[in-house]
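Working from the sequences, and respecting the hints, build out all of it.
If you want the building blocks of each chain, they are given just below.
There are 2 protein chains.
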Amino acid sequence: MAQNVCISVDAMGGDHGIATVIPGAALALERHPQMRFLMFGDEQQITAALDKHPKLKAATEIRHTDVSISMADKPGQALRAGRGKSSMWMAIQAVKDGEAGAAVSAGNTGALMAMSRMCLKTVGHIERPVLAALWPTQRGESIVLDMGATIGADASHLVDMAVMGAAMARIVFNYERPSVGLLNVGVEEVKGLETVKEASRLLREANLPNLDYRGFVEGDDLGKGSVDVVVTEGFTGNIALKTAEGTAKQISSFLKEALGRTWMTKLGYLLAKQAFDALREKLDPRKSNGAVFLGLEGIVIKSHGGTDALGFASAIDIAYDMAHYDLMRTIREMLEQETAAVPA
Amino acid sequence: MAQNVCISVDAMGGDHGIATVIPGAALALERHPQMRFLMFGDEQQITAALDKHPKLKAATEIRHTDVSISMADKPGQALRAGRGKSSMWMAIQAVKDGEAGAAVSAGNTGALMAMSRMCLKTVGHIERPVLAALWPTQRGESIVLDMGATIGADASHLVDMAVMGAAMARIVFNYERPSVGLLNVGVEEVKGLETVKEASRLLREANLPNLDYRGFVEGDDLGKGSVDVVVTEGFTGNIALKTAEGTAKQISSFLKEALGRTWMTKLGYLLAKQAFDALREKLDPRKSNGAVFLGLEGIVIKSHGGTDALGFASAIDIAYDMAHYDLMRTIREMLEQETAAVPA
Numbered sequence: 001m002a003q004n005v006c007i008s009v010d011a012m013g014g015d016h017g018i019a020t021v022i023p024g025a026a027l028a029l030e031r032h033p034q035m036r037f038l039m040f041g042d043e044q045q046i047t048a049a050l051d052k053h054p055k056l057k058a059a060t061e062i063r064h065t066d067v068s069i070s071m072a073d074k075p076g077q078a079l080r081a082g083r084g085k086s087s088m089w090m091a092i093q094a095v096k097d098g099e100a101g102a103a104v105s106a107g108n109t110g111a112l113m114a115m116s117r118m119c120l121k122t123v124g125h126i127e128r129p130v131l132a133a134l135w136p137t138q139r140g141e142s143i144v145l146d147m148g149a150t151i152g153a154d155a156s157h158l159v160d161m162a163v164m165g166a167a168m169a170r171i172v173f174n175y176e177r178p179s180v181g182l183l184n185v186g187v188e189e190v191k192g193l194e195t196v197k198e199a200s201r202l203l204r205e206a207n208l209p210n211l212d213y214r215g216f217v218e219g220d221d222l223g224k225g226s227v228d229v230v231v232t233e234g235f236t237g238n239i240a241l242k243t244a245e246g247t248a249k250q251i252s253s254f255l256k257e258a259l260g261r262t263w264m265t266k267l268g269y270l271l272a273k274q275a276f277d278a279l280r281e282k283l284d285p286r287k288s289n290g291a292v293f294l295g296l297e298g299i300v301i302k303s304h305g306g307t308d309a310l311g312f313a314s315a316i317d318i319a320y321d322m323a324h325y326d327l328m329r330t331i332r333e334m335l336e337q338e339t340a341a342v343p344a
Numbered sequence: 001m002a003q004n005v006c007i008s009v010d011a012m013g014g015d016h017g018i019a020t021v022i023p024g025a026a027l028a029l030e031r032h033p034q035m036r037f038l039m040f041g042d043e044q045q046i047t048a049a050l051d052k053h054p055k056l057k058a059a060t061e062i063r064h065t066d067v068s069i070s071m072a073d074k075p076g077q078a079l080r081a082g083r084g085k086s087s088m089w090m091a092i093q094a095v096k097d098g099e100a101g102a103a104v105s106a107g108n109t110g111a112l113m114a115m116s117r118m119c120l121k122t123v124g125h126i127e128r129p130v131l132a133a134l135w136p137t138q139r140g141e142s143i144v145l146d147m148g149a150t151i152g153a154d155a156s157h158l159v160d161m162a163v164m165g166a167a168m169a170r171i172v173f174n175y176e177r178p179s180v181g182l183l184n185v186g187v188e189e190v191k192g193l194e195t196v197k198e199a200s201r202l203l204r205e206a207n208l209p210n211l212d213y214r215g216f217v218e219g220d221d222l223g224k225g226s227v228d229v230v231v232t233e234g235f236t237g238n239i240a241l242k243t244a245e246g247t248a249k250q251i252s253s254f255l256k257e258a259l260g261r262t263w264m265t266k267l268g269y270l271l272a273k274q275a276f277d278a279l280r281e282k283l284d285p286r287k288s289n290g291a292v293f294l295g296l297e298g299i300v301i302k303s304h305g306g307t308d309a310l311g312f313a314s315a316i317d318i319a320y321d322m323a324h325y326d327l328m329r330t331i332r333e334m335l336e337q338e339t340a341a342v343p344a
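As given, the protein sequences belong to chains C and F, one line each in that order. Position 298, counted from 1, in the first sequence is what the UniProt record's numbering calls 298; the numbers after and before it change by one each time, with no gaps. Position 331, counted from 1, in the second sequence is what the UniProt record's numbering calls 331; the numbers after and before it change by one each time, with no gaps.
Treat the hints with care, since some could be wrong.
Only pairs whose alpha carbons sit at most 20 Å apart, straight line, appear in this in silico SDA-like list of lysine to any residue [unchecked claim]:
1. F/Lys287 with F/Ile171
2. C/Lys249 with F/Gly140
3. F/Lys249 with C/Leu134
4. C/Lys74 with F/Gly186
5. C/Lys282 with F/Gly186
6. C/Lys249 with F/Asn174
7. C/Lys191 with F/Arg261
8. F/Lys224 with C/Glu245
9. F/Lys266 with C/Leu270
10. F/Lys256 with C/Gln274
11. F/Lys249 with F/Lys273
12. F/Lys282 with C/Phe254
13. F/Lys249 with C/Gln138
14. F/Lys249 with C/Leu283
15. F/Lys256 with C/Glu257
16. C/Lys55 with C/Ala19
17. C/Lys282 with F/Arg261
18. C/Lys191 with F/Ser70
19. C/Lys266 with F/Thr137
20. F/Lys55 with F/Arg36
21. C/Lys256 with F/Gly140
22. F/Lys282 with C/Glu245
Quick list of the computed label-pair ranges, beta carbon to beta carbon [unchecked claim]:
23. C/Met71 with F/Gly98: 38 to 48 Å
24. C/Met71 with F/Met264: 41 to 51 Å
25. C/Glu281 with F/Gln138: 35 to 45 Å
26. F/Ala340 with C/Ala19: 54 to 64 Å
27. C/Gln138 with F/Gly306: 14 to 24 Å
28. C/Glu99 with F/Gly305: 54 to 64 Å
29. C/Arg139 with F/Ala58: 47 to 57 Å
30. C/Met264 with F/Pro54: 34 to 44 Å
Per the computed footprint, the stretches of chain C lying under chain F, defined by three or more beta-carbons under 8 Å from a beta-carbon of chain F, are [stated by the list, open to error]:
31. 96-109
32. 167-177
33. 229-242
34. 316-324
These aren't lab readings, by the way, just hints derived from the structure by calculation. For each residue, glycine too, the CB sits at the ideal point set by N, CA and C.
Written out as C-alpha cells, the structure reads:
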C-alpha cells in the first residue's frame, strides 16, 4: 500500500481543461488529504486557477508545457504533435518514471490510448489495453470491460480481460474472489459466439484462486449487477454502455414530460421531489466517471471529456484507489496465476 | 393489399399457450374485424377456450394436432419431433401453402427460426433470416435488427438487413424512403468494425430509391430514435435490447424504492400517479411485442414466450399489417433494387 500517493494530471485535457481539472482536484484532495499532484500544462493558467484553492496549491507541483492535444486529434496526429512534450504525454511519462502512481486525463480517448501504450508498454503477456468502467447496478456497482478501447477479441484476450477486471474488482470492492461473467446472448453453454464459448471453457477449467467464474450473463444482468465483473469485447461493450445511457435519458425525458402534464402531477412531483433527487443522484454519471486502462505497465485513468469538477474528482478518486492499493501488483500476480493455469 | 387477411397461429406456443393465445386473438380481432384465423393445436382445448369468444370462434378454423414444441426444446430436437406435425410447423406450413398471410408463434425462438427456414426457405439472395423488432424511442418507434436470430454478419449481410429493415419500415411507418443507420462505436467514418465500415460504403454508393442511408449511429441513438431503422448483427443487437430492458427495470426499481421512503414521497406518488401510469404505458413491452423474421419466403412473427393476451394481440397486429400491406412484395422489390445497385 503506497503512502502519499502522487497523481499526475493532464490539466489541459477535456472540453473545459483547467476550469474543470483544478476544482475537481481540489474536491478530491478534501477526501484524500495526503494526496499530491503533478499538473502538466500551461503554468500561468494553472497558477492562476490554483490561487482559489490554497490547499491544492500547496499539494501541487506544476510542470509547464504549451503543447496540448485537442479533442478532435486523431491518435496518429496526437502522437506526432504531442509525443514527449504534450500535457497528456508528460502526465503518462510521470507514471513511467515512477514520479506518479497514476495519471488522469479527460483528453480524447484514442490519443490517450495510443500515448499510454507507446509510453508505458503493455504488462506481462497482454498485447492490447482495454478500458474498464464502473457501472451502477441495482446491487451497487459492477466493473464492465472493454468499453471500446479495442474492437474484437479472441478467447485468450477475453480471459485476460476477465483476469484484469477481477484484479480491479479486488481493489475497488475489496473482495478476495470477485464474481466474473462473460456477456453473451443466452446463459446456455451452447449459445453465442465461438470465441466467447471458448473463453468460458478456459475460465472454467482454470478455476483461478482470485476469480469466481460464473458463466454467461446477458444484457439485462448489467443493470441487475448479477456479477462483480462483466467481460465483453470493445464493440459490444461500447454499444451496451451507450444503449444504457440512452435508455436512462429516454426514461427521464418521458417521466419529465408526464409529470408536467397537469397541476396534480406537478404537485405530486413537488411532494416527491426528494425521491427524484435520490434517483438523479443514483444515476448521476459523474459519480462513476473515470474508466481505467487495464493492461499497461502503469495506471492511466480516462475521464469523460465533458464532465464537470464533481465528475473529474471521481476520476481522481479512482486513480487514488488504484495507486494506493497497488492495482499493478494485483494485476501482475493474477496474470502469473493465469499463465500457470491456462494452456497457451 | 390483401383483403380478409388470414393469420395462422401456433395455439400451443409460449409459456401459457392457449390461455394467452385465444384472448389475445380475440383482442386483435376487435381491431381488425375482417381478420380470420387458422389455429393449430389441441382441438378440444381450443374449442373450449373459444366458447368464451363467440366472434373469434366464428372467424376461426381449428386444425388439430397433439404435437407441440416445448420452450426448452433445442432446434434439432424440435425439428425431429415436430416437423410436419407440430402446431408450430403447421402454422408456418399454412403460410407456405398460401392459406395464411402470416404465422404467429410464442414458442421458442430457436425452434421457430429452424422450422421457418426449413419450411419456407429464404427469399431472393438472402442466406440467413434475421429478427426485426420495434423499439420504443423518444420520437415514437424505430425498427432494430438483428435481435439475435443470427450471430455475426459480413458487410453484404448488413446491407441485406438494411434493405429488409427499410422494407418493413415502409409498411410499419408508411414512409416512402425510411432513414437507416448502422450501429457502430462512433459516428466518424474511420471508427469501428471493418465489416460495418464496408457495409456503410456499399450503402452510401448504392443510394437506393427506398432507403435513406444516414451513416453510423451509436448506442444512445436507439433511445433517441435518430433513424427509422437501426442495423447491427445479432450478437450486438441482442445485447443492446437486453441492456435497454435491464436499464429500464433498474430505473423503475430505483424510483419505486425512492418513492416509498417517506409519507411525503408516497403522497407525491399518489398525486402524480397519472404520470407514472403514462410512463408505464409508454414503456410497456407488451405494446411492442412481436418481432418479424425477415429474409424468408413468407411472414413469421415471434411473440415473447412470457407475454399475456395484450402482448399476444400486439404480435397479431404486426402480423396483420405485414400481411395486409404485403411486406413480401416490398421486400422482393427492394432486394431486386439492391441486386442492381450493389456490386456482388
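Hint check results:
1. A distance of roughly 18 Å separates the Cα atoms of lysine 287 of chain F and isoleucine 171 of chain F; the hinted pair therefore holds under the 20 Å criterion.
2. With a CA separation close to 15 Å, the supplied pair lysine 249 of chain C and glycine 140 of chain F stays within the 20 Å bound.
3. At roughly 19 Å between alpha-carbon atoms, lysine 249 of chain F and leucine 134 of chain C fall within 20 Å of each other, so this suggested pair holds.
4. A C-alpha spacing of about 13 Å is found between lysine 74 of chain C and glycine 186 of chain F, which places the hinted pair at or below 20 Å, so the restraint holds.
5. About 27 Å separates the Cα atoms of lysine 282 of chain C and glycine 186 of chain F, which puts this hinted pair outside 20 Å; it is violated.
6. A hinted pair counts as satisfied when its Cα atoms are at most 20 Å apart, and lysine 249 of chain C with asparagine 174 of chain F does not qualify at roughly 28 Å.
7. For the given pair, lysine 191 of chain C sits about 42 Å from arginine 261 of chain F by alpha-carbon distance, which is inconsistent with the 20 Å threshold.
8. Note on lysine 224 of chain F and glutamate 245 of chain C: the hinted pairing holds, with a Cα-Cα distance of about 11 Å set against a maximum of 20 Å.
9. Taken as a hint, the lysine 266 of chain F and leucine 270 of chain C pair is honoured in the structure, with Cα atoms around 12 Å apart against an allowance of 20 Å.
10. With a CA separation close to 13 Å, the supplied pair lysine 256 of chain F and glutamine 274 of chain C stays within the 20 Å bound.
11. Proposed proximity of lysine 249 of chain F and lysine 273 of chain F is supported: the alpha carbons are some 18 Å apart, at most 20 Å.
12. The suggested pairing of lysine 282 of chain F with phenylalanine 254 of chain C holds, with an alpha-carbon distance near 8 Å, which does not exceed 20 Å.
13. For the proposed pair lysine 249 of chain F and glutamine 138 of chain C, the alpha carbon gap of about 9 Å is at most 20 Å, so the pair holds.
14. The suggested pairing of lysine 249 of chain F with leucine 283 of chain C holds, with an alpha-carbon distance near 13 Å, which does not exceed 20 Å.
15. Under the criterion of a C-alpha separation no larger than 20 Å, the hint pairing lysine 256 of chain F with glutamate 257 of chain C is consistent with the structure, at around 18 Å.
16. For the given pair, lysine 55 of chain C sits about 17 Å from alanine 19 of chain C by alpha-carbon distance, which is consistent with the 20 Å threshold.
17. Taken as a hint, the lysine 282 of chain C and arginine 261 of chain F pair is honoured in the structure, with Cα atoms around 15 Å apart against an allowance of 20 Å.
18. Between lysine 191 of chain C and serine 70 of chain F the alpha-carbon distance is near 18 Å, which keeps this suggested pair within the 20 Å criterion.
19. About 24 Å separates the Cα atoms of lysine 266 of chain C and threonine 137 of chain F, which puts this hinted pair outside 20 Å; it is violated.
20. Between lysine 55 of chain F and arginine 36 of chain F, the direct Cα distance comes to roughly 10 Å. Compliance with the 20 Å bound is thereby established for this hinted pair.
21. With a CA separation close to 16 Å, the supplied pair lysine 256 of chain C and glycine 140 of chain F stays within the 20 Å bound.
22. Note on lysine 282 of chain F and glutamate 245 of chain C: the hinted pairing holds, with a Cα-Cα distance of about 18 Å set against a maximum of 20 Å.
23. At roughly 59 Å, the beta-carbon separation of methionine 71 of chain C and glycine 98 of chain F lies outside the given 38 to 48 Å, and the hint is violated.
24. In this structure the supplied range 41 to 51 Å holds for methionine 71 of chain C paired with methionine 264 of chain F, their Cβ-Cβ distance being about 44 Å.
25. Distance hint check for glutamate 281 of chain C and glutamine 138 of chain F: the Cβ-Cβ separation is about 23 Å, which falls outside the suggested range of 35 to 45 Å.
26. Distance hint check: the CB atoms of alanine 340 of chain F and alanine 19 of chain C are about 55 Å apart, consistent with the given range 54 to 64 Å.
27. A C-beta distance of roughly 20 Å is found between glutamine 138 of chain C and glycine 306 of chain F, which places it inside the suggested range of 14 to 24 Å.
28. A hinted range of 54 to 64 Å for the beta carbons of glutamate 99 of chain C and glycine 305 of chain F is consistent with their spacing of about 59 Å.
29. At roughly 52 Å, the beta-carbon separation of arginine 139 of chain C and alanine 58 of chain F lies within the given 47 to 57 Å, and the hint holds.
30. The hinted range of 34 to 44 Å is satisfied by methionine 264 of chain C and proline 54 of chain F, whose Cβ atoms lie roughly 41 Å apart.
31. Only residues whose beta carbon comes within less than 8 Å of a beta carbon in chain F count, and the stretch 96-109 of chain C has 0; fewer than three means the coverage is violated.
32. Against chain F, the stretch 167-177 of chain C contributes 0 residues with a C-beta closer than 8 Å to a partner C-beta. That does not satisfy the three-residue criterion, and the hint is violated.
33. Check on the stretch 229-242 of chain C: 9 of its residues sit with their Cβ under 8 Å from a Cβ of chain F, so the three-residue criterion for coverage holds.
34. Check result for the stretch 316-324 of chain C against chain F: violated, 0 residues qualifying (beta carbon to beta carbon below 8 Å, three or more required).
Comparing the model with each earlier hint shows violations of hints 5, 6, 7, 19, 23, 25, 31, 32, 34; every other hint is respected.
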